[in-house]
Every structure is written in structure tokens, then in C-alpha cells.
Amino acid sequence: MTTFTLLVNGNNHSVETDPATPLIFILRNQLNYTGPKLGCGLETCGACAVLVDGEAELSCTRAASEFEGKQITTIEGLSLNGNLSAVQQAFMDEGAAQCGYCTPGIIIAVTGLISKTSKPSNSEINEALEKHLCRCGSHANVIKAVKRLTAGGGKID
Amino acid sequence: MTSASLEKSPNVDDWLTISSDDVITIRTGKVDIGQRISTSLAIVAAEELDVDYDRIHVERTRTGEAPDEGVTAGSNSMEQSATAIRAASATARHHMLLLAAKALEVDVNTLEVSDGLITSRDINRSITYSDLMEGKDFGIAVDTNAKLKVPSEQNVVGTKVVPKGLNEIVTGKFQYVHDMTMDGMMHARVVRPPHYHARLKNLDKNQLKKLQLEGVKTIIDGSFIAVAHEDEYRAIKARDRMAAAVTWDLADGLLVNDLYEALLSNPRVSHRLVDGVPDDEPIPKLGNPPDEATKTISARYEKPYIMHASVAPSAAFALAEATKIKIWCHSQGVYILRDSAAEALGMNSEDLVITHVPGPGCYGHNGADDVAFDAALVARALPEIPVLLKWTREDEHAWEPYGSAMVMELRGSLNKQGDVIEWSHDTYSDTHSMRPFPGPNGLGPGRLIGSRYMDPSIPPTPSQPTGGSHNGKFRNQDPLYTFPNRRIVKHLVKDLPLRCSSLRALGGYANIFALESFMDELSLEASMDAVDYRLMHLSDVRAKNVIEAAAEAFGWPGKNSEGVGCGLAFGQYKNIKTYAAVAIEVEVTDNAEIKLRRAVIAADAGHVIDPAGLIVQLEGGVIQAASWTLYEQVLYDRGGITSRDWDSYPILRFGNVPSINTILMERPGEPFLGAGEATTGPTAAAIANAVYRATGLRLRRLPLTPEAVKLAALN
Numbered sequence: 001m002t003t004f005t006l007l008v009n010g011n012n013h014s015v016e017t018d019p020a021t022p023l024i025f026i027l028r029n030q031l032n033y034t035g036p037k038l039g040c041g042l043e044t045c046g047a048c049a050v051l052v053d054g055e056a057e058l059s060c061t062r063a064a065s066e067f068e069g070k071q072i073t074t075i076e077g078l079s080l081n082g083n084l085s086a087v088q089q090a091f092m093d094e095g096a097a098q099c100g101y102c103t104p105g106i107i108i109a110v111t112g113l114i115s116k117t118s119k120p121s122n123s124e125i126n127e128a129l130e131k132h133l134c135r136c137g138s139h140a141n142v143i144k145a146v147k148r149l150t151a152g153g154g155k156i157d
Numbered sequence: 158m159t160s161a162s163l164e165k166s167p168n169v170d171d172w173l174t175i176s177s178d179d180v181i182t183i184r185t186g187k188v189d190i191g192q193r194i195s196t197s198l199a200i201v202a203a204e205e206l207d208v209d210y211d212r213i214h215v216e217r218t219r220t221g222e223a224p225d226e227g228v229t230a231g232s233n234s235m236e237q238s239a240t241a242i243r244a245a246s247a248t249a250r251h252h253m254l255l256l257a258a259k260a261l262e263v264d265v266n267t268l269e270v271s272d273g274l275i276t277s278r279d280i281n282r283s284i285t286y287s288d289l290m291e292g293k294d295f296g297i298a299v300d301t302n303a304k305l306k307v308p309s310e311q312n313v314v315g316t317k318v319v320p321k322g323l324n325e326i327v328t329g330k331f332q333y334v335h336d337m338t339m340d341g342m343m344h345a346r347v348v349r350p351p352h353y354h355a356r357l358k359n360l361d362k363n364q365l366k367k368l369q370l371e372g373v374k375t376i377i378d379g380s381f382i383a384v385a386h387e388d389e390y391r392a393i394k395a396r397d398r399m400a401a402a403v404t405w406d407l408a409d410g411l412l413v414n415d416l417y418e419a420l421l422s423n424p425r426v427s428h429r430l431v432d433g434v435p436d437d438e439p440i441p442k443l444g445n446p447p448d449e450a451t452k453t454i455s456a457r458y459e460k461p462y463i464m465h466a467s468v469a470p471s472a473a474f475a476l477a478e479a480t481k482i483k484i485w486c487h488s489q490g491v492y493i494l495r496d497s498a499a500e501a502l503g504m505n506s507e508d509l510v511i512t513h514v515p516g517p518g519c520y521g522h523n524g525a526d527d528v529a530f531d532a533a534l535v536a537r538a539l540p541e542i543p544v545l546l547k548w549t550r551e552d553e554h555a556w557e558p559y560g561s562a563m564v565m566e567l568r569g570s571l572n573k574q575g576d577v578i579e580w581s582h583d584t585y586s587d588t589h590s591m592r593p594f595p596g597p598n599g600l601g602p603g604r605l606i607g608s609r610y611m612d613p614s615i616p617p618t619p620s621q622p623t624g625g626s627h628n629g630k631f632r633n634q635d636p637l638y639t640f641p642n643r644r645i646v647k648h649l650v651k652d653l654p655l656r657c658s659s660l661r662a663l664g665g666y667a668n669i670f671a672l673e674s675f676m677d678e679l680s681l682e683a684s685m686d687a688v689d690y691r692l693m694h695l696s697d698v699r700a701k702n703v704i705e706a707a708a709e710a711f712g713w714p715g716k717n718s719e720g721v722g723c724g725l726a727f728g729q730y731k732n733i734k735t736y737a738a739v740a741i742e743v744e745v746t747d748n749a750e751i752k753l754r755r756a757v758i759a760a761d762a763g764h765v766i767d768p769a770g771l772i773v774q775l776e777g778g779v780i781q782a783a784s785w786t787l788y789e790q791v792l793y794d795r796g797g798i799t800s801r802d803w804d805s806y807p808i809l810r811f812g813n814v815p816s817i818n819t820i821l822m823e824r825p826g827e828p829f830l831g832a833g834e835a836t837t838g839p840t841a842a843a844i845a846n847a848v849y850r851a852t853g854l855r856l857r858r859l860p861l862t863p864e865a866v867k868l869a870a871l872n
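If you're matching them up, the sequences are chains R and X in order.
FYI, the numbering for the first sequence is 1 to 157, going by the working numbering.
FYI, the numbering for the second sequence is 158 to 872, going by the working numbering.
No wet-lab data here; the hints were simulated from the structure.
Backbone N, C-alpha and C fix where the C-beta goes; we use that ideal spot for every residue, glycine too.
You can trust all of the hints, since none of them are fake.
Here are a few chain R residues that sit away from chain X, every Cβ distance over 12 angstroms (derived from the structure): (1) Asn12; (2) Ser14; (3) Val52; (4) Asp53; (5) Gly54; (6) Glu57; (7) Lys70; (8) Gln71; (9) Ser115; (10) Thr117; (11) Lys119; (12) Thr150.
27 angstroms max Cα-Cα, derived DSSO-like pairs, lysine-lysine: (13) R:Lys70 x X:Lys330; (14) X:Lys330 x R:Lys131; (15) X:Lys304 x X:Lys293.
Some, not all, of what chain R presents toward chain X, calculated at C-beta under 8 angstroms: (16) Pro22; (17) Arg135; (18) Ala140.
Put together the whole structure using the sequences plus the hints.
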């Protein structure tokens with residue numbers, strides 16, 4: 001067992017765990033942030049994505065201890081004050097979810113993307129979402145939500 | 158207006174309760190699996206009750222409390238549950254108006270309702286639904302002749318509402334069964350054998366002891382093996398160590414004969430279909446074409462096993478207390494699961510309480526029932542300990558019941574005007590129905606995978622031919638077209654290697670792929686445009702309308718040159734539900750990859766309750782079916798399933814999603830038509846037809862991978 005501190009959604013949490021435990025289990029089972037989802041445990045579906053220092057990263061395999069000193073934001077952290085983020089609002093407006101299991105990861109990926117590129121091109125959108133699987137087939141509405149956010153036209157590929 | 162649901166649950170109190178806090182609770186036996194049924198049911202209730210949509214709370218389906226509406230499947234929920242809730246709501250409104258007239262001492266005809274507030278035009282007094290009911294029972298039956306609003310009176314139906322649960326989904330607060338917690342709970346994982354036929358041979362006792370000393374709970378029930386620990390990650394690690402400590406008797410492994418050959422040559426039970434319904438008359442022989450035929454062509458189409466492949470592996474929560482076991486799970490049919498699981502466990506049905514908790518979209522019968530039974534086995538071994546059992550990605554890929562592999566053999570004869578004058582369609586397939594319906598002689602329990610491994614074990618339930626209209630493998634086998642002289646035959650094929658059950662659209666996906674590909678082949682023989690050819694063979698105006706609407710919006714025939722092609726296909730799901738036409742433009746790249754550029758859907762789902770929800774279901778159907786069509790097949794060898802993760806079983810990703818334009822036909826006042834499965838079959842055929850126009854290659858074996866395109870080009 002080892003003890004370290006994780007900065008999640010603006011709060012420091014002291015964590016005691018087996019050092020190999022992947023981040024997602026700490027977030028979900030110790031800190032009660034169940035927004036990030038376990039989908040594959042193999043970094044192949046994107047359901048577990050969180051922002052790490054503003055970049056979307058997967059949390060299902062890398063040890064929690066590797067994230068010490070970094071700023072972690074889960075889906076819950078995007079609307080901490082009760083107001084939806086612009087990305088969350090765009091997903092609401094476009095109804096961009098069905099069962100919703102993949103949605104937190106996708107919203108995190110889009111948040112990471114538009115924080116870097118306010119008007120992403122189609123290929124930048126596809127690249128940011130390439131790791132994210134959605135089985136219900138809500139893709140078309142997800143893309144509409146991203147376009148709504150970046151209204152005014154993205155870059156031409 | 159009545160429905161099977163109302164016959165089982167005839168009282169208003171079965172369906173709704175008015176609470177003292179102005180919240181109206183709706184109960185339904187249909188569960189929300191991401192298809193937004195709770196949104197549609199809330200709209201229908203709000204409309205007939207004259208209350209704000211936000212006041213309607215749709216309760217979770219729990220055995221013993223919710224109406225028993227069988228399984229949430231077959232695109233039936235709107236016709237069954239919404240029809241019942243609509244009548245119950247109208248009955249409740251009328252009843253409360255009578256109560257209000259008495260309480261306010263006014264004529265009932267002077268009363269108006271606005272958001273649950275009843276006011277008389279004659280006097281300045283009002284009373285709310287909650288005041289009247291105060292949580293009391295209605296104590297009356299649903300009036301199946303209750304006056305329902307006509308379309309011109311509707312304010313909520315057809316408008317844009319916030320889907321139930323969407324706010325929680327986008328903020329990460331939506332609670333799936335995977336997120337459930339209870340004090341003192343443990344996380345469990347199952348140690349699966351390498352394949353269906355393997356059984357426990359030996360277990361390393363030292364390893365077992367070591368795990369137990371470390372606080373791991375071990376469950377060994379025959380060949381059903383599981384572990385549990387308070388810490389989820391330690392449960393996962395313990396599962397790996399337990400797996401290494403087990404030796405399996407592998408028996409003969411899986412059968413690995415050529416699948417399509419086996420489908421055509423294995424023992425089978427065959428039935429003729431008349432008007433989409435099987436009968437027991439002799440199977441008509443496929444004779445020589447009619448004398449007046451100028452052309453006769455035949456084609457064979459093939460579809461592999463495909464999987465539901467939910468993004469979340471199945472999970473269930475269970476707790477055994479005294480003589481009872483409580484289960485929380487994402488089953489589509491909590492009542493049938495309860496009865497069959499109770500029988501397998503040797504319990505009374507009443508002692509098993511099953512509550513539906515949301516899970517991932519399932520698209521049919523995935524691992525949801527199986528994991529619930531697994532969780533019951535673990536809970537039974539760990540009394541008083543709440544257990545959350547999650548299947549792993551590998552468990553879900555390798556153990557869910559797949560959509561059956563199928564072969565479709567078609568023959569069509571044309572006269573000199575190009576009319577189809579004779580039509581033959583044989584479908585060969587294993588079952589599409591292995592949900593845990595109770596039955597005699599352990600048939601119900603034998604449909605749950607865990608029962609094969611527990612002690613005493615229960616043998617798997619053999620596949621049986623199903624009757625009814627457009628069921629299982631013969632769904633949409635009998636075409637809607639006006640063909641004379643049809644020979645439609647279904648064959649239940651035995652001794653096939655993989656476990657199968659219901660996957661979205663069942664046989665309808667592959668049957669429509671075959672018949673709508675074949676319609677294009679025939680239109681070429683007749684030298685006619687594919688759209689005109691379909692219209693020429695239809696008498697149903699609503700069918701014609703969706704085809705015409707899709708063709709027009711798409712700009713049919715579209716661009717067809719230099720590796721780009723367009724295809725269109727049509728189907729009316731089960732020949733009685735939503736009509737859907739799908740047109741797609743594809744590009745076939747130099748690497749033989751099929752890129753989806755744009756799609757148009759035109760659909761007639763009758764009177765539309767929730768247009769946004771309907772559109773997302775139709776478009777989701779196109780995207781999921783495009784994935785099946787382009788990428789998917791379950792692979793296996795003697796040692797077991799080899800499609801065990803997203804690399805070995807790829808599905809469609811964002812990079813190949815077409816732009817989609819969806820047109821809904823307006824049919825106010827027409828009955829609701831189930832829509833969740835309607836676009837799947839037309840999508841497959843539209844893609845294959847588009848690939849033909851782009852390349853001249855007719856692909857008849859799914860999936861349409863680059864290898865398949867290259868192989869067809871070589872031949």
C-alpha cells in the first residue's frame with residue numbers, strides 16, 4: 001500500500017492504495033466520481049476518459065500514483081457550480097446520447113479538443129473522437145453538438 | 158383502445174399514482190435501454206393528464222410492483238405500454254374531474270385543467286390533482302374507451318422535450334447498475350472456461366488457500382467459479398490468479414466446419430410461410446421457372462455471427478438475505494428472468510426480487526440476464542454480503558448470446574415487362590430466441606449461461622422453431638412487394654457452434670439485406686431504375702411515400718462514378734411497423750475500404766410522440782447496422798471465441814460516420830408504429846447496392862471488408 005495525493009475537480013484527496021491500482025478505480029470507488037466509466041480496461045473504448053492538465057486521457061490502465069501532482073477533471077468537474085459547461089449544454093441541445101454510457105468520455109474528449117482548437121476541422125474532430133466507441137449510434141448528434149459549439153465554421157480540411 | 162398490457166394490468170393504479178407533492182409517477186413494464194421509452198411514455202401521460210412533462214416521473218421496473226409487460230423488445234413498447242398509459246391517464250383525468258366537480262360543487266362540464274390544476278369557469282375556485290388524490294388509490298379500471306385527445310388538441314406530443322435522464326447523463330450523475338454501492342459490498346468477477354464445453358478438471362488448492370488468506374472470497378459451484386473482494390482492483394487481480402490456478406477439461410472444443418456449408422447441410426426443421434406465418438403444410442419444391450418467365454436469376458447471401466457488443470460489459474448487483482435474493486440488473490425482461498432464475502436456484506419466484514437499473518444499450522438479448530444469474534450464484538454463496546458482479550470486456554465479447562449466422566437463397570423470375578412473376582426465399586439459421594422464458598422441463602433455466610456450470614448443472618435448452626408472424630429468422634422474409642407465386646421457407650438449422658439469441662431486428666436485418674440487394678439485381682435484369690422498380694411492385698401508399706421521399710431528398714440516383722456509388726433500400730419492419738427507406742452514398746477507396754459519405758432516411762412511424770427521440774433511434778439504427786455491415790463477424794476456433802476485444806472485433810468509429818438527413822412522414826392520428834429496428838436491414842442493402850454502383854461488384858457475404866471487396870474484384 002502507498003499513500004499519495006490526487007487533485008481531482010479542484011480538491012486534494014489523500015489516497016491510500018496498492019500503487020498499481022489504475023486511476024479509474026480510485027476515482028469511482030474511493031472518491032465517488034462515477035462519471036468516468038469502465039468499458040474495457042484496455043484503453044480501447046474511451047469510456048474512462050478524464051482531463052489531465054486539460055488534455056483528455058484514459059484512466060483505466062495507468063496507475064493512479066502516476067497522476068500525483070496533475071490536475072484531474074472528471075465529467076462531474078465540468079459543472080461543479082451547477083451550471084452546465086458549453087460542451088455539456090451542446091450535448092443537451094442536440095440530444096447527443098442514447099444509453100449515455102460512452103457520453104462522459106466523449107464530452108471529456110470534446111472539451112479537451114476545443115480547449116486547444118476553438119474551431120476544429122472535421123479531421124481534428126474525428127481524431128479526437130477516434131478512441132471513443134458509441135454502440136447506440138449517437139455519432140451524428142455528437143458531431144452536430146461539436147459543430148454547434150464551434151458555429152461559425154470549422155477549418156477546411 | 159386496448160392492448161395485451163391492459164389485459165394483464167387492467168387498473169389505473171397499476172399504471173400511475175398522483176403523489177401529494179404534485180409528482181405523477183408512471184409505472185411500466187418496459188425498461189429504458191437508451192431508446193428513450195421513458196421520455197415517450199412521460200409525453201403521452203403528460204398529454205392526456207394535462208400536466209407539465211417535467212412532473213412525470215417514470216419509475217424503475219421492479220418485479221411484483223410494475224405491470225408485467227413481458228420483454229422490452231420487438232419495437233412493441235409504444236404500441237403496448239404507451240397505449241396502456243395513454244388510456245390509464247385519460248381515465249384518471251376523467252375520474253379526477255368528477256371528484257373535483259363534487260368537491261367544488263360545480264358541473265363537471267365547467268372544469269378545465271392546466272398543469273394539474275382544476276378550475277371551474279363558473280366560480281373562482283380550484284383544486285389540484287394532488288389535493289384530490291393525496292396519494293390515494295384510484296380504485297377503478299382503465300376505461301379502454303376513455304376519450305383521448307385528437308391531434309389538434311395535443312400540446313406536448315410531437316414537441317421537443319428534454320429526454321428523461323439526459324441532464325444526468327451529460328453531468329455524469331446518471332446511475333447505472335455498475336455505479337451502485339451498498340455498505341459492506343464486495344466486487345465480484347467470474348473465472349470463465351476457455352469455451353462453452355470446457356468443465357473444471359482441477360484446482361490448485363494451495364493457490365486457493367493463498368487467495369482466501371488474503372481476504373478473497375472464492376466461489377466454486379461445480380464449474381462456475383468466481384472471486385470477490387471489497388476492493389475492485391484486487392478482485393480483478395484475484396480473478397487472474399484464480400484463472401491461472403484452474404485446469405479445464407476441454408472436451409472436443411468448438412465445431413469448426415465451414416459455417417455456411419453447415420448452415421446448408423446440417424440437420425434442420427423446415428417450415429413454409431404464408432403471409433409471414435409458418436404452417437405445417439409440406440415444403441413446396443422449387444420447380445422450374447414459370448413458362449412465361451423470360452429471365453430467372455438466383456443468388457445466395459450470407460451473414461456471419463455478430464455480437465451486441467455493448468460498450469459496458471454486463472453487470473448485476475445482488476444480495477442474499479435469509480430466504481430471499483434481491484437482484485438489480487439491466488435485463489429487458491425482469492419477470493421472465495425472475496421465474497427462470499428462481500427455478501434454476503430451486504427458489505420460489507416470490508423470493509427473488511428483480512429491479513431494473515439502467516445499463517448500457519443492449520440492442521437485444523446481450524449478457525444482461527446471464528450476469529444477473531451469475532450474481533445470484535455469487536450472492537447465494539456469500540449470504541448477507543451485497544455483491545456487484547461485472548463481466549469483463551472479454552466475458553462480454555466471448556459469452557454473450559450472438560445474433561445468428563444466416564444464409565438466404567433467393568430466386569426470382571421476370572416476365573418480359575420486367576414484373577416479378579415468381580419469388581422464392583429460403584432462410585437458414587439457428588434460433589434468434591433464447592431469452593430466459595420459463596418453460597417445462599428446465600427449458601427456462603437452461604437458457605441462462607451460468608446454469609450450465611453450476612452444480613447440479615442444467616443442460617443448454619435446445620433451439621425450437623418459433624411460430625407467429627415475422628418472428629426470429631423469418632422476420633421480414635415475406636416481402637411487402639406485390640409478388641404473385643411466392644415460395645417462402647424457413648429452416649431452423651441444428652448443431653451449429655455458437656450460442657445465439659435475439660439481436661436488434663433479429664432475422665429482419667439479413668432478410669432485408671438479401672431481398673433488397675436482390676431487388677437491385679432484378680431491376681438490372683429488367684433494365685429499370687432501382688427506385689422505379691420498387692415502386693412498380695408496391696401497392697401500399699405509405700411504403701411508396703417513404704421511398705419517394707428518400708429518393709427526392711437524396712437527389713436519386715446521385716453520383717455514380719469513379720469509385721463513388723449510391724444505393725437505396727426499403728423495409729417495413731415486420732411488415733406492420735415503421736416504414737423506412739435508406740439511401741446512402743459510398744466511396745470505395747483504392748485500398749478497397751468503403752467510406753460512408755452521406756445518408757438519407759425517410760420514415761413513417763405513424764403518429765410521432767417524440768420526434769427527436771425517433772430520429773436518434775432511426776439514425777442510431779443506420780450507424781449500428783453500417784457497423785455490422787462493414788466490419789463485424791464473430792470469429793472462433795476449436796479453442797473458443799477469438800473475437801475477445803475491440804481489436805479482434807472492430808466496430809465503426811467516428812471517422813466513418815456519414816452525414817445523415819432524416820425525414821419523418823407526418824401521420825397525425827395514426828397508430829404509433831415501433832421504430833427502433835426499422836432502419837437496420839435497409840442500411841445493409843443500401844450500402845451493398847451503393848458498392849455495386851461504385852465498383853460493379855455485387856457483394857453477397859457480410860461483412861463488406863476491404864478483403865471481401867478485393868476478393869470479389871479478383872473473381
